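Asks: Read off the chains here:
Number of protein chains: 4
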Amino acid sequence: MRLDRTPYDEKLDAILAASARVFAEKGYHNASIRDIARASGVSLSGLYYYFQSKEELLYLIQDHGLGTLLDRLEERLQRVVRPEDKLRVLIRNHLTYFVSNMAQMKVMSHEADSLTGEFKAQVNRKKRRFVDIAGEILNELNPNTDLDLRVSTFALYGMINWLYTWYRAERDPDADVLADTMTRIFIEGYRGNKVDPAMMSEAMLPS
Amino acid sequence: MRLDRTPYDEKLDAILAASARVFAEKGYHNASIRDIARASGVSLSGLYYYFQSKEELLYLIQDHGLGTLLDRLEERLQRVVRPEDKLRVLIRNHLTYFVSNMAQMKVMSHEADSLTGEFKAQVNRKKRRFVDIAGEILNELNPNTDLDLRVSTFALYGMINWLYTWYRAERDPDADVLADTMTRIFIEGYRGNKVDPAMMSEAMLPS
Amino acid sequence: MRLDRTPYDEKLDAILAASARVFAEKGYHNASIRDIARASGVSLSGLYYYFQSKEELLYLIQDHGLGTLLDRLEERLQRVVRPEDKLRVLIRNHLTYFVSNMAQMKVMSHEADSLTGEFKAQVNRKKRRFVDIAGEILNELNPNTDLDLRVSTFALYGMINWLYTWYRAERDPDADVLADTMTRIFIEGYRGNKVDPAMMSEAMLPS
Amino acid sequence: MRLDRTPYDEKLDAILAASARVFAEKGYHNASIRDIARASGVSLSGLYYYFQSKEELLYLIQDHGLGTLLDRLEERLQRVVRPEDKLRVLIRNHLTYFVSNMAQMKVMSHEADSLTGEFKAQVNRKKRRFVDIAGEILNELNPNTDLDLRVSTFALYGMINWLYTWYRAERDPDADVLADTMTRIFIEGYRGNKVDPAMMSEAMLPS
DNA sequence: TATGAATGAGGCTTCATTCAT
DNA sequence: CATGAATGAAGCCTCATTCAT
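Residue numbers (our numbering), protein chains in the order written: chain A, 1 to 207; chain B, 1 to 207; chain C, 1 to 207; chain D, 1 to 207.
It should be emphasised that the hints constitute simulated quantities derived from the structure, not laboratory data.
Just so you know, not all the hints are guaranteed correct.
Identical chains blur together in the list; that is why a pair holds if it fits in one copy or across any two.
Derived pair list, reagent style BS3-like, types lysine-lysine, alpha-carbon separation capped at 27 Å [said to hold, decoys possible]:
id: 1; residue 1: Lys-26; residue 2: Lys-120
id: 2; residue 1: Lys-54; residue 2: Lys-127
id: 3; residue 1: Lys-54; residue 2: Lys-26
id: 4; residue 1: Lys-126; residue 2: Lys-54
In this text the structure is predicted, and so the values were computed from the model without any measurement.
Please take these sequences and the hints and turn them into a complete structure.
Replies: Here it is, written out as structure tokens:
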């Protein structure tokens, strides 16, 4: 199921991992190729055997991560049928990967805009798949809601993707508890009954 | 409620607004002071009359935005008593400001890590206030929940802060609808009954 | 004998003194007009009422110091007749002024080359007077020596002018003792008998 | 006695030599790295392969020069025993090097204060060796003098180090004559008999 | 007299990238 | 495969100086 890893690939993987760490720590634009050379143990010019430009390096990290996440998601979704379970699977899939790969997670969440042109387009194609999948699940979960689907979908991904800004492994719950919490909040929220009309009154709120 | 505006302040404010736009578009590290000079109509060196360093400029933008947001929040919270209303006020306060100041919003959400040292510490002090306020509201909303408060709080802010990555004014609902949607999802989710125990079963989920 | 000091002059003098301190501490090229504004308590642009350029400021410091030194020297030399006494007067005149005006001393000794054009020429005219005076004294002191007069003169001024690099008031003797020491060394050395010819042999020295 | 020269070293040496020339001509602070790039034939950024900062460049020049001077001095001092000869060796060692390396000489003498922090400390450690060596020689030369040793030592180095301000190869004597002159003056002066008490009288001198 | 505000020029340094070896 | 050496472009920032007030 896994592609054979040639020595070539292993080295590339190590470089991608080191680069993800550097990009996560300093930010893509603030990190230098020299930083990556230092972190990966490869010489500055040696790195250019593995990628053609700094931007391609970022692309490789993001695309590889998104690909893995997407492959796993689609595989796992095939094993469940109820929309509640599908949503749980989606959330858990993301969070499990994120908690295990925090540097990559941050690079994927935070450096979306750092790509341009075809690199960005290719990554966005993968990201749209995630949006579509979540949209379909939400639609199954509550086909009759009056909540805006696009807003709800991004609210969901916001909960998930914001993780990189606050999660600390030594302090916060593990990925399963995280996923359980977010799943419970979102499912109840999204398919919940109409809220109390009184609560909706704008009259009492300051403009 | 109205701060006196000296001529000095007005010019500084214009520079901060232009800078926020530039930082939002290109990212803090990728934006050059030259870009800001161009966008603000001030000469490169002239800018340094108003701030001491690029980092201080980012700090001024973030601190000023957070201060405004916080002042407004605290004022508005005084007018409501029910936790549901408080949560709605909090969400609406954020989203209204964000939709009206999208550049600043992005800079505040996205460039948190771009500050260092005392600048970062000062901004973090303000941010912690937001976390504390939200935590108190959630606690009032459902004092008996078994959901982790910290996780829930950041899930809430994730929903809100992620906005800058996807919101497009010409396509998406306005701030009130946005706030309504997120409020409904989160309130129902957070104070909802226990979820169906069957749903919690791990057995059916892939690792 | 002194020119009347108008309020104008007093302020200029204060600025020159503060500037000398700044130039002494940081060096002429490394000191900024801003540093001088800070040290003198005058605003940046206000300084330009008192001088036309940074270089003129340096010139004013050097020229004023050299003028004072020269006036005093010529006056004091009139009171003695023996060449030994004249040399002592010259050395003491310099060292007394230097120890009392260490910042100016450093600026005069160290920043000779920092002036250009007419400023430099004017200062050099005054410096040449010092060289001429010393040369005349040495000639009187030992008209029959085979020592090179120019070399000897600059050896003398080297002893004196190097003071700014090492003298520390809290540790070293006062100006009188300093002057006495240098005078004794130089007088004895310069008018001394021929040195032991054996000592002159080059044979024993490594190339 | 001959250090192995790798290609790396040769290039660095050439850069140091060109830099010393530039620093000597314009002064450290007034010289730009661009000037050095021009003088050395290396591109502006290419220089930074050889040193980390302009200050380190100055340090390398000073430290290398002082190291050479010190090595040669210690070697040559081993070949003589009489204090008179030692002093002559010391003066000749300095002057020979200075006349042959006038740019470096000026940078070493004139830019002492342009270094800071650890660079300055390291250079000062080497300079103290020179002071100590001279102090020991003077002590041997006249153990019973009432002249202040520290003052005398710096008077000696003042004579020598001031050279860079006036020496012109096409006009002045060569290093041997220079060394002979200064040696004769200083030796006679330092070990000379007590001076005439009448000459010491303060009465006749102007304050 | 004095200064707040402003600027063009230039400072040092780092950047991503290349290429001969 | 890998790298030491190199570079043009660009980065942030400070400079001496000016001028309207």
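Asks: At most 27 Å between C-alpha atoms: does Lys-54 with Lys-127 qualify within a copy, between copies, both, or neither?
Replies: Result: close within a single copy only, 21 Å intra versus 33 Å inter.
Asks: Pop the pair Lys-26 and Lys-120 into one bin, within, between, both or neither, using alpha-carbon distances up to 27 Å.
Replies: Answer is both: 21 Å inside a copy and 14 Å across each meet the 27 Å cutoff.
Asks: For Lys-126 and Lys-54, with the copy left unspecified, which applies at a CA distance of at most 27 Å: within, between, both, or neither?
Replies: Classified as within: same-chain Cα gap 21 Å, cross-chain 35 Å, threshold 27 Å.
Asks: Given identical chains, is Lys-54 near Lys-26, meaning Cα to Cα at most 27 Å, within a copy, between copies, both, or neither?
Replies: Both ways: Lys-54 and Lys-26 sit 14 Å apart in one copy and 16 Å across, limit 27 Å.
The structure meets every hint from the earlier list without exception.
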